[in-house]
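Undergrad: Listed below are the residues making up each chain.
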Amino acid sequence: MKRRLFLLLPLVGAAWAQSEPRVIAISARKFEFTPGEVELKLGEPVLFEFTTEDVHMGFDAPELNLHADILPGRVARLPFTPGKTGSYEFVCDVFCGSGHEEMSGVIKVSG
Amino acid sequence: MQGIERRQFLKIAGLGGVVFASGLARGADGYTSAQDEFFFVQLSDTHWGFQGAPNPDAAGTLPKAIAAVNALDPQPDFIVFTGDLTHTTDDPAERRRRLAQFKGMVAQLKVPLRFMPGEHDASLDSGAAYQEFFGPTHYSFDHKGVHFIALDNVSDPAAKIGDEQLGWLKSDLGKQKADARIVVLTHRPLFPLYPQWDWATRDGDKAIELLMPYRNVTVFYGHIHQEHHFKTAHIEHHAARSLIFPLPAPASVPKRVPVAWDPAQPYRGLGFRRIEAEPNEYKLTEFPVVGKA
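So the protein lines, in turn, are chains Y and P.
According to this note's numbering, the first sequence is numbered sequentially starting from 1.
According to this note's numbering, the second sequence is numbered sequentially starting from 1001.
Everything labelled a hint here was simulated from the structure, so no lab data went into it.
Don't be surprised by glycine CBs; every beta carbon is placed ideally from N, CA and C.
For each label pair, taking beta carbons as the anchor points, the in silico distance ranges come out as:
1. 67(Y) to 1104(P): 39 to 45 Å
2. 1092(P) to 36(Y): 25 to 31 Å
3. 29(Y) to 1213(P): 41 to 47 Å
4. 1262(P) to 69(Y): 36 to 42 Å
5. 63(Y) to 1092(P): 32 to 38 Å
6. 1071(P) to 78(Y): 52 to 58 Å
7. 32(Y) to 1092(P): 22 to 28 Å
8. 1128(P) to 36(Y): 29 to 35 Å
Only chain P is shown next, with the shape it has when bound in the complex (with noise of 0.2 Å):
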């Protein structure tokens, strides 16, 4: 496995200093859609229902994201919702609740959605009440030649994929070329990035072995509330911003806290993904939430 600093992944992505800052100023450069190129935008870790000190704007924060996002302009072929949708309650009524007035709000996205659980949503339950608002909680789809694969780490409180949805796995890739544009969609981190702050997969490997025999595979995932870029061999893993609070670097200080609120920096650390699909690569353009609190 090998890390991947920011600087040399941008350069690997094609993506310059100036690129990535015009990015910023949500799509004033320009981009326009070619066939078989498409962009698609990822949201993460919502949290919808959290209250502390960490983001006194909790309710105000994803209304910004949607606006952002709603935007964008031209749109995204559609947006995916990588987990943690919701805040975990250990009231299940509270928690279809968070759900109901989560769908409602992202219902303002003008795009299709697809969205995936994370284990506040999923691990109480073992994802009945997610299924209820958003269906299967694994599956995958094609989209102008790259193949999408939702892979669930979370309805299983232990953090496992699990031998069956393994299996449905290795049955759907099985249908795919070696050199297939492959994109694993998932909440936790396939590989072990810091067990000691849960931030791990336990059977994640056995997933990744089964990617390996493909060459151009990419994941995007969250839960870490912050970028990150990794390899495991020849596979990209990339972490999302969380749209409530960061986390702090892996093993930078002692307790997994989230960063405090900087009443200076509202919203520092937090925002959204656009990536773009283009036939050899991946351009990722992170956009920060702006606004007043």
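If we strip away everything but chain Y, and leave its shape as in the complex, we get (with noise of 0.2 Å):
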């Protein structure tokens, strides 16, 4: 990361913490993640909100050390705030039924 960005950084964090973090919520059922993609900015203070429609699901974004078990009848917080661009994919690591393998989607993160 070049200087200039680290100097960036605080300065773009500070005017984001102005504001209540953007809420994204994600809905989980056998055998997808709704929505799929998630689009965020870097630096951007976020609240996930996840629920599931059916059975024990998990979300996992090992890439931004992001991990939520998502109970029926319950909704899972997790606090992020991206700290670097890219794709980076999430997938359910819960083992949910025959389509679990292709159960994932993808976080985008531009600056």
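Assemble the dimeric complex from its two separately framed chains, guided by the hints.
TA: Dropping the structure here:
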């Protein structure tokens, strides 16, 4: 990361800190996440809110160190501020049935 | 953690190319058992009930492997199946039908069998149907000076061993000396091989921590449908090939999808493993599935 970006990031973070984090609601059901693609801005604080429409699910984005268990009847909340740009896959990491292995999505972080 | 290059591993295990090649000839190396030396066979990820383009001979692959194992001379002391005996189904009745068919088929094998579940067998009902056919999902046994431990990291759909089983593991290990020869059999990798593809055990680090004080620990597992060798500190981890379809190397392609069936090379990447337990090492020999589709 360039030095200039280092200097900018705290300023950007300070600007985002003036407002409530944007809520990103993600619903899981056999065998898909809705939405399956999430677009975020570098340095923008967000709050993920996960729910499941049927069974126990998992949300796992290992490259972003994000993980949540999604239990029926509950909202799993996970605050996050992207610190790097790029596309990062997330998967369901709780075996939920015959389509589990294809249950995935992507978080795209732009600068 | 460190990976083991295949060539390096074969060297560690004392296997040269010649010996390995003779192993491919199904026992033609004239191997004979000595006292306290023995061998067993690992079969994995048979996925009985699978149907699809990645293996147009899905119903014929397991019978070919059974015939190949039965042709080994001498016969192994026993055979272990490291999970995913059946392909998952959302229908509990169909799950039991597949488990019953699988059990009937492997009854043709000539030596004692040891089983453990994979997530396809057990994750949708916490191992209930599996246990009806094959009994406990974790257990230990001793054979000719080696302590074998079967660990269940699939009955919990969140890929956890769980505190209760970890407590059992601690107690079981407590009866072993620090230099005991210990083999762990499990389905998923205990280390985070590639979590993006669900190739991990959430609390596998806790199991590895319990195993660390023991100097002679080797783990044999399945799940990733390919041969793979890895070390966490002094503990070796060896994944076996599947008997249904191969999967790509970790992170080698964007999506974890089966390697396409090649009519010119049917059964490529499928196979089973012979494991020779010698006083200070395990020699692995990989056997392909051969025959006409």
